[in-house]
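J.: Those protein sequence lines, which keep their order, are chains A and B. Just so we're aligned, residue 1 is where the first sequence starts under the numbering used here, counting upward by one. Just so we're aligned, residue 1001 is where the second sequence starts under the numbering used here, counting upward by one.
If you're looking for bench data, these hints aren't it; they were derived computationally from the structure. Watch out, some of these pointers could steer you wrong.
[Unchecked claim] Below, in silico cross-link-like pairs of lysine-lysine (DSS-like), each with a Cα-Cα straight-line distance of 27 Å or less:
1) K1037(B) / K66(A)
2) K66(A) / K1136(B)
3) K57(A) / K74(A)
[Unchecked claim] Have a look at the derived ranges for each label pair, beta carbon to beta carbon:
4) Q1089(B) / A38(A): 31 to 41 Å
5) D1031(B) / A38(A): 40 to 50 Å
6) A50(A) / D1135(B): 34 to 44 Å
7) H1065(B) / D52(A): 42 to 52 Å
8) E1082(B) / D52(A): 31 to 41 Å
9) D36(A) / G1078(B): 18 to 28 Å
A virtual CB, placed ideally from N, CA and C, is assigned to each residue, including glycine.
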Amino acid sequence: MSGHVFHPGHHALHGVTVLLETKGSESYIGRLDTEDEAGVHLLDVAVHQAQDSGLSKADFVRRTLKFGVRVDRKHAVVPSAEVASLKPLGEAGS
Amino acid sequence: MPYDPRLVAPMREEMVRMGARELKSVAEVDDLLGDPKGTLLVFVNSVCGCAAGNARPGLALALRHAVRPQQIVTVFAGQDVEATARARQYFSDYQPSSPSMALFREGEVVHFIHRHQIEGQAPQTVAANLIGAFDKFCGATV
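Full structure from sequences and hints, please.
T.: The following block contains the structure:
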């Protein structure tokens, strides 16, 4: 059963935990599910609000890399036009 | 809802073949993790082919290494739900994800591998991460 993926035709990052930075103040870390006309769908999502949080975005990412994704929302949809960057979380630490 | 047991059976067998002991109940988890001795690796198994499909062979490769934990155990996320939830209480500083792995030494978590460290990685990369931890924490001189 090694290397078997159950989701043919999936998004290139389907199932991957990603760091999604928006053009606004929010950043998201969650498992990418799909992207459609509504936007990028993330599951089990941690959300960082730059203006509301005492935690910097860099610390938010560092904490998540070390301790895992602290889920704020089960599902989030970010309009594709609002996405500034999208990459695997593992690349955020390198 | 758990997957059909017939679907996950090969994933369980893959773990057992590499020498892991399955923990399927809260009692089994407590018996082992309640008072752990020496070094112990807990593998949180998953049906997710995106990550677990590389995690299991990565662990199998790592277990060929001369230095390894004294015990390897596994719980199956989404299958043995209560056992998995109980096991996660023993490494509750870390957010739940599956697959994931926790290395204990004398009851303390000394190394943790999250799902995001496995996704997209070759089994050899997962194995290298584990072997580094085995050498650091499971050697005779530790």
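J.: Give a verdict on every hint.
T.: Hints, one by one, checked against the model:
1. K1037(B) / K66(A): Satisfied, since the Cα-Cα distance of roughly 25 Å is no more than 27 Å.
2. K66(A) / K1136(B): holds (18 Å)
3. K57(A) / K74(A): Status holds; Cα separation ~20 Å.
4. Q1089(B) / A38(A): 31 to 41 Å: holds (37 Å)
5. D1031(B) / A38(A): 40 to 50 Å: Roughly 48 Å apart at Cβ, these two residues keep to the hinted range, so it holds.
6. A50(A) / D1135(B): 34 to 44 Å: Given range 34 to 44 Å: holds, Cβ gap about 40 Å.
7. H1065(B) / D52(A): 42 to 52 Å: holds (46 Å)
8. E1082(B) / D52(A): 31 to 41 Å: holds (36 Å)
9. D36(A) / G1078(B): 18 to 28 Å: holds (25 Å)
Every hint from the earlier list agrees with this structure, and none is contradicted.
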